[in-house]
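**Student:** Those protein sequences? They're chains A and B, same order as listed.
Counted the way this note's numbering counts, the first sequence spans residues 1 to 425.
Counted the way this note's numbering counts, the second sequence spans residues 1 to 569.
For the record, the hints were derived by calculation from the structure and aren't laboratory data.
Every value quoted in this text rests on a predicted model; they were computed, and no experiment measured them.
Possibly wrong hints are sitting among the right ones.
Computed spacing ranges between beta-carbons, pair by pair [to be verified]:
1. Ala120(A) with Ser501(B): 23 to 33 Å
2. Asn240(B) with Ala72(A): 34 to 44 Å
3. Ala120(A) with Leu148(B): 42 to 52 Å
4. Glu176(A) with Arg272(B): 33 to 43 Å
5. Ala422(A) with Asp469(B): 32 to 42 Å
6. Glu403(A) with Ser379(B): 58 to 68 Å
7. Ala72(A) with Asn402(B): 46 to 56 Å
8. Pro456(B) with Ala120(A): 43 to 53 Å
9. Pro421(A) with Ser179(B): 21 to 31 Å
10. Gly217(A) with Glu11(B): 52 to 62 Å
11. Ser179(B) with Asp229(A): 36 to 46 Å
12. Pro12(B) with Gly217(A): 18 to 28 Å
13. Glu176(A) with Thr499(B): 21 to 31 Å
14. Gln341(A) with Ser379(B): 56 to 66 Å
Residues of chain A clear of chain B, computed beta-carbon distances all greater than 12 Å [as the list claims (entries may be wrong)]:
15. Glu131
16. Asp229
17. Phe300
Only part of the chain A face toward chain B is listed, based on derived beta-carbon distances under 7 Å [said to hold, decoys possible]:
18. Leu107
19. Ile188
20. Ala248
By construction, the Cβ of each residue, glycine as well, lies at the ideal position given by its N, Cα and C atoms.
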Amino acid sequence: MAETFKLAPLEIEQYTLANGLRVVLNRDMAIPVVALAVYYDVGSRNEREGRTGFAHLFEHMMFQGSENVPKAGHFQHIMKAGGTMNGTTSSERTNYFETLPANQLPLGLWLESDRMRSLAVTQENLDNQREAVKEEKRLRYDNQPYGQIFDLINEMIYKNFANSHSTIGSMEHLDEASVEDVQEFFRIYYAPNNAVLVLSGAFETETAKQLVETYFGDIPSQPLPPELDVSEPQEVANTYREWEDKLAPFPAFLIGWKIPKRRSREFYALYLAGKLLYDGESSRLYQKLVKGAESVIQLFGFTDERRGPSSIFVGAIPKPEKDLSEIRNVIMREIENLANQGPTPEEMQKLQNQLINDAVRTRQSSMSRAQQIAEFTLYDGDPNLINQELEDLLAITPDHIRENVKRYLNTENRALLDVVPAGKG
Amino acid sequence: MTQAIRKTAPEPLAPVPFNIPQAFETTLDSGLKIILFEDKRLPLVSYRLAFLSGDIHDPADSVGMTSAMASMLTEGTLNYSSHELAEKIERLGASLSANSSDDFTVVAGSALSFYRTEVLQLIAEIVFRPTFPESELDLYRRNTIENLKFQRSQPGFLASEQTAKLIYGNHPYSRVSPSASDIEKLDREKLRAFHANALSPNNAILIAIGDLDREEFLKQVHDEFGRWERRESEAPVFGNPPQRSSRTLTIVDRPGSAQSNIVLANAAIDRRHPDYFAVLVMNQILGAGASSRVFMNLREEKGYTYGAYTRIDAKRLAGDFEATAEVRTGVTGESLKEFFYELNRIRTEKATEDELADAKNFLTGVFPIRAETQEGLTSLIVNQQLYSLPDDYLQTYRDKVNAVTLDGVLEVANKYVQPDSIAIVIVGDAEEVLPQARDYSSEVTIYDTDGALMDPVKYEKNDNEATADASGRWTVSLDFQGQSLPVTLVLEQSGETITGSLETMLGNGQIDTGRVSGSKLKANTNMDIQGQSVEFSIAGTIDGDTMSGEINAPALIPTPLTFAGAREG
Chain A
1 MAETFKLAPL
11 EIEQYTLANG
21 LRVVLNRDMA
31 IPVVALAVYY
41 DVGSRNEREG
51 RTGFAHLFEH
61 MMFQGSENVP
71 KAGHFQHIMK
81 AGGTMNGTTS
91 SERTNYFETL
101 PANQLPLGLW
111 LESDRMRSLA
121 VTQENLDNQR
131 EAVKEEKRLR
141 YDNQPYGQIF
151 DLINEMIYKN
161 FANSHSTIGS
171 MEHLDEASVE
181 DVQEFFRIYY
191 APNNAVLVLS
201 GAFETETAKQ
211 LVETYFGDIP
221 SQPLPPELDV
231 SEPQEVANTY
241 REWEDKLAPF
251 PAFLIGWKIP
261 KRRSREFYAL
271 YLAGKLLYDG
281 ESSRLYQKLV
291 KGAESVIQLF
301 GFTDERRGPS
311 SIFVGAIPKP
321 EKDLSEIRNV
331 IMREIENLAN
341 QGPTPEEMQK
351 LQNQLINDAV
361 RTRQSSMSRA
371 QQIAEFTLYD
381 GDPNLINQEL
391 EDLLAITPDH
401 IRENVKRYLN
411 TENRALLDVV
421 PAGKG
Chain B
1 MTQAIRKTAP
11 EPLAPVPFNI
21 PQAFETTLDS
31 GLKIILFEDK
41 RLPLVSYRLA
51 FLSGDIHDPA
61 DSVGMTSAMA
71 SMLTEGTLNY
81 SSHELAEKIE
91 RLGASLSANS
101 SDDFTVVAGS
111 ALSFYRTEVL
121 QLIAEIVFRP
131 TFPESELDLY
141 RRNTIENLKF
151 QRSQPGFLAS
161 EQTAKLIYGN
171 HPYSRVSPSA
181 SDIEKLDREK
191 LRAFHANALS
201 PNNAILIAIG
211 DLDREEFLKQ
221 VHDEFGRWER
231 RESEAPVFGN
241 PPQRSSRTLT
251 IVDRPGSAQS
261 NIVLANAAID
271 RRHPDYFAVL
281 VMNQILGAGA
291 SSRVFMNLRE
301 EKGYTYGAYT
311 RIDAKRLAGD
321 FEATAEVRTG
331 VTGESLKEFF
341 YELNRIRTEK
351 ATEDELADAK
361 NFLTGVFPIR
371 AETQEGLTSL
381 IVNQQLYSLP
391 DDYLQTYRDK
401 VNAVTLDGVL
411 EVANKYVQPD
421 SIAIVIVGDA
431 EEVLPQARDY
441 SSEVTIYDTD
451 GALMDPVKYE
461 KNDNEATADA
471 SGRWTVSLDF
481 QGQSLPVTLV
491 LEQSGETITG
501 SLETMLGNGQ
511 IDTGRVSGSK
521 LKANTNMDIQ
531 GQSVEFSIAG
541 TIDGDTMSGE
551 INAPALIPTP
561 LTFAGAREG
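Chain A extracted, bound-state conformation:
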């Protein structure tokens, strides 16, 4: 079926305002909703030593009000209009998004432009949000079993500070930050020429363009942020760490490898290899470990997709009394098998159908389209890649998978984190 399937291309129009704001319109009149996504080219990778956690702190600050929008006003306006919204911070970027009934497009543009232009960076807001970020860190990282393992392994995998430090950052750095530091961060990174705005859903193109110009047109551009170096050394290192976790009821382990950047053939091949290894009940490791040996409670894996060097992880929580090293041996043997024999024809068919299914499903929601388009625009300068990526993935062959698994998923160049329960009981 893959040979004959054609995904209908999305309607994409792209242009840039005089102040450098990149705008992309994806018109789809099927349901009367519209999604807005604003992506700022700043993530934890842009933070310098002594100033970690800023990008994420900003995400909080952005909801604290701007010149014409009171504190907590953003959320209230969206809810009253019958919309949903959120924002997230990653190593790569900070994004803000909302889905609204189609007739509320002006509201969304007003809110996003007001905070891009005039966010209220005050001592009071900064103090408030520091506390909120501390609560969040407590809730999500410190008080969760295994809450810190991904931050820990990133420190082992990446040598470049830009890539290795955690997005939530250090409380010390945040405590030391002054209002001036934060205002400077805002000025440099929260500029229209450092951002992408995507509208996806039901709107009239001319109306949308006029509204975008009205609300965003007069926001002044800023000098571009400093150049960023996210290169990593070529290393041949096998790193190991043991971590004591008081909240973990069972031991666990996490294995990580550094791999080439997103959209490279190597990345795609390894992404697909990962799916074969750990995605779904027919995956190799599920069948070997959850079923065959019945030795794990949980098996998980994923790729961390970045513009620079990226990574892939596999981990497991073994059942009580099960031998961790034996489980790891099973994982490495399966990877070796994939490196030597490559995927079977049935596995390739599975991948192709899953890729098509995923591509079709993610097109349903205006927000999911807006986010994907924003990523392609910000990272690659080309929103039309949303109509291209499925083809790029389907072009990966069994040999590509085999070669890249052999080259990258070995034992010489991997990080292994062992989590040991250190509780009282």
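Following the hints, complete the assembly by docking chain B onto the known chain A.
**Tutor:** The following block gives chain B in isolation, referenced to the frame of chain A:
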């Protein structure tokens, strides 16, 4: 000119209508109801084969049977082993699963429309021809028992376990989870016999949504499901949930817990109750989301919690109203105070026109967003069918919301928010919580996390003991791996509340919450140790100008450290 435009929120554009067309319906002779909703927007299909029986219909001596049966349907059939079935489905890029809830059992399948006939075939395969292999059942039993253990470490689970018992009494809704012994009792023969009787067409609805063709679909239904024989069974009758006449306080003790998981609950309405829409709007105003009264009070104004909400759980036969939050242990009492303030206020004062309009705008506005994806639309249609809601429910939903009045909101608040007979459930440190919460109810029950009943006297503080004076600068020695580390506590006291700071060689921290009860001091602080924020809790006993006790920093050190020292000056 642009500046003036920015000053206020802009007016919306002209509204765009959104209507969900009626689905096609038919019923087979066997009683199987068929719903078909054609949607050719994208090449996807979703199927649901839903049964009007669920966990509450488990036989009395076989608790957990329905959910075991549902899980096992995909673990082996006449034509496919568990592995073969997983392979077959995933090779199509499709999904297939079966799950049970209190009231229903649902088999779900979805795929690219290219594979629509294969997936429907597989649904029939797992429903009609499961084999319940012994080895798979054995794995299911063992994995479920492990998961039950894990569940008991989750405060949210413990809170819901107690809440359900208090609200539903002897009604099977009171059981949120089977026990380990229930799971051990499951056996293959019983499961097969249960399955043979449990899934009948006259108790089922088959829903198909997406890129389908009506004629082709109906023909396949006839082929796959045409020979399914109806089976009459008596719908079991359950008693009503108990009537509550007074407030109760139930605590699940988790010693050292930094947070109290609070649930306030009372019985409310079932899903089909005529008050449903008024209750929905009332709940939106009171506590559904970040603009609501409860959230704005406990989080935004007071800073007690990351999130405080209210919710309506309206099941098929009964339901409840709940107010929930996870708050810092030290502010448990204050949080209860604010919750009761809001629960009383919604009953005594009419809401404002603005509150009513905002609530309605959200509920109606968000409707098309919910229906945007096939999964979203399927959920809406499945719910309408399973709860036997009117045929035009989705088409008239927004009108019904808009018809709710301020008087209507006040009326249902008085009917369904019952602060005087509400059940207070708190999962947290009982020794800390009891003195803070006991003013709210004299009927106190305390359990440990395994569900064993504890004697409340164990947690009583000596009320006759005078509150010690903990204020001042204390120099204490901390016993850390054989070494003596100096630590300074700088404390201010107001009544029973303590503020101040902790100073050590590793760093300093402000006291977040501190309290003196009798001679006992308890306080929490956060300190930055090498870039990580570490929570410290202090538990000390004051005797005149000396203090001794323990400092606990679980993220840093596995065991508590003892300390002793004296007040300066």
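**Student:** Run the structure past the numbered hints and jot down the numbers of the failing ones, going up.
**Tutor:** The structure conflicts with hints 4, 6, 7, 10, 11, 14, 15, 19 and 20, although it agrees with all the remaining ones.
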